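Listed below, chain by chain, are the residues.
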Amino acid sequence: MNPFRRRTLAAIALLLLPLRALAAWNKEAFQAKSAADALKSLGVSAPAESQDILIEAPQIAENGAVVPVEITSNIPGTRSIAVVVEKNPFPLVAKFDFSESAVPFVKVNVKVGESSFVRAIAEAGGKHYTAAREVKVTIGGCGG
Amino acid sequence: MADPMKIRTTVGAEFTEVRVLMVHPMETGQRKDSSGNLVPIHFIQEMSVKLNGRSVLEGQISQAVSRNPVFSFRLKGAKAGDKLEIAWLDNRGERNRSETAIA
Numbered sequence: 001m002n003p004f005r006r007r008t009l010a011a012i013a014l015l016l017l018p019l020r021a022l023a024a025w026n027k028e029a030f031q032a033k034s035a036a037d038a039l040k041s042l043g044v045s046a047p048a049e050s051q052d053i054l055i056e057a058p059q060i061a062e063n064g065a066v067v068p069v070e071i072t073s074n075i076p077g078t079r080s081i082a083v084v085v086e087k088n089p090f091p092l093v094a095k096f097d098f099s100e101s102a103v104p105f106v107k108v109n110v111k112v113g114e115s116s117f118v119r120a121i122a123e124a125g126g127k128h129y130t131a132a133r134e135v136k137v138t139i140g141g142c143g144g
Numbered sequence: 145m146a147d148p149m150k151i152r153t154t155v156g157a158e159f160t161e162v163r164v165l166m167v168h169p170m171e172t173g174q175r176k177d178s179s180g181n182l183v184p185i186h187f188i189q190e191m192s193v194k195l196n197g198r199s200v201l202e203g204q205i206s207q208a209v210s211r212n213p214v215f216s217f218r219l220k221g222a223k224a225g226d227k228l229e230i231a232w233l234d235n236r237g238e239r240n241r242s243e244t245a246i247a
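Chains A and B, in that order, give the protein sequences. By the working numbering, the letter at position 6 of the first sequence is numbered 6, and the numbering carries on one by one without gaps. By the working numbering, the letter at position 51 of the second sequence is numbered 195, and the numbering carries on one by one without gaps.
Quick caveat, the hints were computed from the structure, so don't treat them as lab data. Watch out, some of these pointers could steer you wrong.
[Claimed, not checked] Simulated DEER-style distance windows between Cβ atoms:
#1 V66/A / A224/B: 26 to 34 Å
#2 P58/A / R152/B: 16 to 24 Å
#3 A247/B / S34/A: 38 to 46 Å
#4 K27/A / G225/B: 32 to 40 Å
[What the hints assert, rightly or not] List time: in silico DSSO-like cross-link candidates among lysine-lysine, alpha-carbon distance up to 30 Å:
#5 K150/B / K107/A
#6 K27/A / K176/B
#7 K223/B / K150/B
Fair warning: this is a prediction, and the values are worked out from it, not measured in the lab. Using N, Cα and C, we set each Cβ at its ideal position, and we do this for glycine too.
Only chain A is shown next, with the shape it has when bound in the complex (with noise of 0.2 Å):
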């Protein structure tokens, strides 16, 4: 490698170090096309269904566009919870990790393509725990 390009890199790396404050965006785990293969990049494999996982949606959206979930892990110990539209073209839909001074609970909006279950994936203690809620579209909120 010439010097040069040893610089750049080095450089290039500086840049990106303010980036580590923040959880690296998991590339290969937002791309995935499917529900089953953004779980496995996340390293998580038969989650178990739980009750104590809440989630709130509406179970008819008029505008896929902008559809409130709001999720709660009654699961002592939760450190992060993963949410997943299982029908959208990319399912992954976002990832929060937690430290002790939060509560695991989000509340977000959305996309939702076509009718779809919602699935919240929680993960406490090493183990992961899920729960999926069915929201019904009437307009998709992804193309247009």
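Position chain B against the provided structure of chain A, taking the given hints into account.
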């Protein structure tokens, strides 16, 4: 420079609710403009919430979060006057950061 975020905090008995609005187009890369051209993908990828300088919550999101994203979070042990800092970074490397005191 991105538009400033709007942050609202409500201190409750069990937690402090934080509601934040981020102004961002959140383009999916699948939408066509009026002349039929695809609008390039442009979305927030990462966000962080800090309380008094300590990271309390981090998020990774996709283009499937709605335009002008609104998030609600709940923080434990926060009190009036505490410093709240929220930052985001999008897929083009644009970033934004807002700071407020919990009210």
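Taking the hints in turn, this is what the structure says about them:
A hinted range of 26 to 34 Å for the beta carbons of V66/A and A224/B is consistent with their spacing of about 32 Å. Under the hint 16 to 24 Å, the C-beta atoms of P58/A and R152/B, about 23 Å apart, fit the expected range. For A247/B and S34/A, the hinted distance range of 38 to 46 Å is satisfied, since their beta carbons lie about 44 Å from each other. Take K27/A and G225/B: their Cβ atoms lie about 39 Å apart, and the range 32 to 40 Å holds.
Using a Cα cut-off of 30 Å, the hinted pair K150/B and K107/A holds, with the two alpha carbons roughly 16 Å apart. With a C-alpha separation of about 24 Å, the suggested pair K27/A and K176/B falls inside the 30 Å cut-off, and the hint holds. At most 30 Å may separate the alpha-carbon atoms for a hinted pair to count; K223/B and K150/B meet this at roughly 19 Å.
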